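Order-wise, the sequence lines are chains A and B.
Position 80 of the first sequence, counted from 1, bears residue number 80 in the numbering used here, the numbering being contiguous throughout.
Position 4 of the second sequence, counted from 1, bears residue number 4 in the numbering used here, the numbering being contiguous throughout.
Worth flagging that the hints you see were computed from the coordinates, not collected in a lab.
This structure is a prediction, so every number in the text was calculated from the model and none was measured.
Cβ atoms here follow ideal geometry from the backbone N, Cα and C, with glycine treated the same way.
Heads up, a few of these hints could be off.
[Said to hold, decoys possible] Result set (SDA-like, lysine to any residue): computed pairs, CA atoms no more than 20 angstroms apart in a straight line:
no. : chain 1 : residue 1 : chain 2 : residue 2
1   : A       : K250      : A       : D361
2   : B       : K235      : A       : K250
3   : B       : K175      : B       : K235
4   : B       : K252      : A       : D51
5   : A       : K34       : B       : L170
[Said to hold, decoys possible] Derived coverage of chain A by chain B (criterion: at least 3 residues anywhere in the stretch with Cβ under 8 angstroms from a Cβ of chain B; other residues may be distant):
no. : stretch
6   : 99-106
7   : 194-200
8   : 214-228
9   : 269-280
Here's the letter readout for the chains.
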Amino acid sequence: MNDKVQEKLKILADAAKYDVSCSSSGGKRKNQNKGLGNAEGMGICHSYTEDGRCVSLLKILLTNYCIFDCAYCVTRRSNDIKRAAFTIDEVVNLTLNFYRRNYIEGLFLSSGIFKDSDYTMERLVRIAKKLRQEHKFNGYIHLKTIPGASEDLIKEAGLYADRLSVNIELPSELSLKALAPEKNYPQILQPMGAISRELVQNKEERKLFKMAPAFAPAGQSTQLIVGASAENDQQILHLSSQLYQDYNLKRVYYSGYVPISDDNRLPVLAATPVIRENRIYQADWLLRFYGFGVQELVNDFYPNLDLEIDPKLAWALRNLHFFPVEINQADYELILRIPGIGVKSAKKIVAARRFTHLTFDHLHKIGVVLKRAKYFITCRGQSLVQKDFSEEVIRRKIIFGENSVRSALVKQQLDLFQQAG
Amino acid sequence: MSVFSYDGTFEGLLTAIFEIYERQEEPVAIVRYADVQPGLFSPIIEVITDLVKAERVWVGLGKKVSHAARTHLYKAFLAEQPRVPLLIYQYARLAFASTQSIEENFATDCVRELAQINKQVFRESHRMEAFIRFQKTADDLFYATIAPDFNVLPIISGHFEKRYADQRWLIYDTKRHFGLYYDLEKVAQICLDEEVADRSGRLPANILEHQETLYQQLWQTYFHHINIPERKNRKLHLRHIPLRYWKYLTEKQPRLS
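Extracted from the complex, chain A is given alone in its bound form:
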């Protein structure tokens, strides 16, 4: 029987790994009942895969039997692979035993769709319920919402799960139609809307009654596949910023498409677009934490992010008239927009300049990346660069100049890109 579990774990972990979310933060679940575990505050990455992704949760599918035939997905019906299914108790035992040994923060459970949406969703909910109620498990639970599942089941899921997610996967309805014939946008957006409404309502309830049960306290997230369909970065980022606004999402994850499928509905890719994926994440961060508007990063003139430089630097180069910024006077919001200065450095600058006038030496010690920042700042009116350089020159100096470290990965990907183009 143990061999059987080993075998299932192999198949069902393999099938779940393309879901990139592994976050375990943002929960508020305390261990109040002298039970097992807690999920408060920041998450913990208990290990890292060899590709450098965080391993925080036991991320598995309940089963990889699936009635759908989505081109980008390994578990699609028409793919000839080994199939397996866990029993409810197997998932519960694995979760508890991994958790007790400090391997994981909790469970991330998803599933192929067998029979129908509700039948599948009901199984997922039952596992979460069993963990919470029978085993007093307070660790993190992330449940995938099955497209088309009923609102009642989603409501129930939110009572046991810390986070719920519905994956959009394809950034436009057109590609969804082409690549995932059984799915459609309304079917995905409807549960997302239900979760979002439930989250808002629950927040109100908890204002009035502190003891009202929490609904998915770590919010909801989704995932978009990058590179499996023809959308440009502008379309992708517009969609995410809309999702952040309209559905109150905690996170949108981006997954560079790994060419796993020889399905002829898909484009031929030489390699996973990891640099593009990374640039989109950087842009996503700028939207959420740096006060940038999506139009500033991508628009009709610049529909795609620059692969060679990060989106903040790219924005600064297009908007040189905002610079140089005086470190000792500028508003926090403007300091945040300087290339080479992150949220932490910006906060330190604003705090420290109350005590003394800051110099370049201070900035260096605080952790500002002067290599990039020096073209855009002054300290007490002084600049580190002799003259005003043009956009092109700064760009070249940063990419190829002294001490520039270009990772082998960037080079390799850019080469591929040029070959393809």
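Once you've looked at the hints, dock chain B against the given chain A.
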């Protein structure tokens, strides 16, 4: 200009700061008794730890900086780096002399350096919360071996007490030869006469619970199968789990069969 020596405890350091003020004598260094180098030109003043004096310094600091900032001093102390005691003294002097809180004065060396060391200690404690691997013994004790860069066991204790409230556990620091044991009621500090685990932290097979090896195996299987070979990035991998942490990680041991 004297060298102040103390017993190596945090209370000892606070007492030393008290003495420095009382004697109105600038320290050239603050070192542990064991680290005093004979033959130095400066006279050596040996500080005897006094909890009352230590308390006065601690309370005094609490009036000058926030409690969070004060705790950061203690955490930086746990880094066990030789320059930290003097930095803490300089920080205290700055704080006592100022009418406003100096905790965000990152333009000053001691404030910024202590903030950086505190961050290092925080990172190490966070890594321990992540990388500790318990093994279950036949008598239901969950046992883990650690050898952290800094003395972080005192600050991670609360995390494990909250999280594993319903299981007995023991975390043993083989570098500093002490451990914490939780008996379902409270956490206590213990010392073992003889270490039970081998060099990679593994307990002898005869004291393990009968399913322990199975779960270690399952964890290895899981770790192996969530990897995406097409995205392999060893540099990034090593940045997240530096090699020195591998020796106690179940998933990094040779595959069990």
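Satisfaction of hint between D361(A) and K250(A), Cα-Cα up to 20 angstroms: violated (37 angstroms)
Given hint K235(B) paired with K175(B) - CA-CA distance at most 20 angstroms: violated (28 angstroms)
Coverage criterion applied to the stretch 214-228 of chain A (partner chain B; beta-carbon cut 8 angstroms; 3 residues): violated (count 0)
Verdict on chain B covering the stretch 99-106 of chain A, criterion of 3 CB contacts below 8 angstroms: holds (count 4)
20 angstroms Cα cutoff - pair K34(A), L170(B): The hint holds at about 18 angstroms.
Proposed proximity, K250(A) with K235(B) (alpha carbon, max 20 angstroms): Distance of about 29 angstroms is beyond 20 angstroms: violated.
Coverage of the stretch 194-200 of chain A by chain B, judged on three or more residues with CB within 8 angstroms: Violated - the stretch 194-200 of chain A has 0 residues with a Cβ nearer than 8 angstroms to chain B, which falls short of three.
8 angstroms C-beta test of the stretch 269-280 of chain A against chain B, three or more residues: holds (count 3)
Proposed proximity, D51(A) with K252(B) (alpha carbon, max 20 angstroms): Between K252(B) and D51(A) the Cα gap is close to 15 angstroms, so the pair holds against 20 angstroms.
Of the hints listed earlier, those the structure fails to meet are numbers 1, 2, 3, 7 and 8, in rising order.
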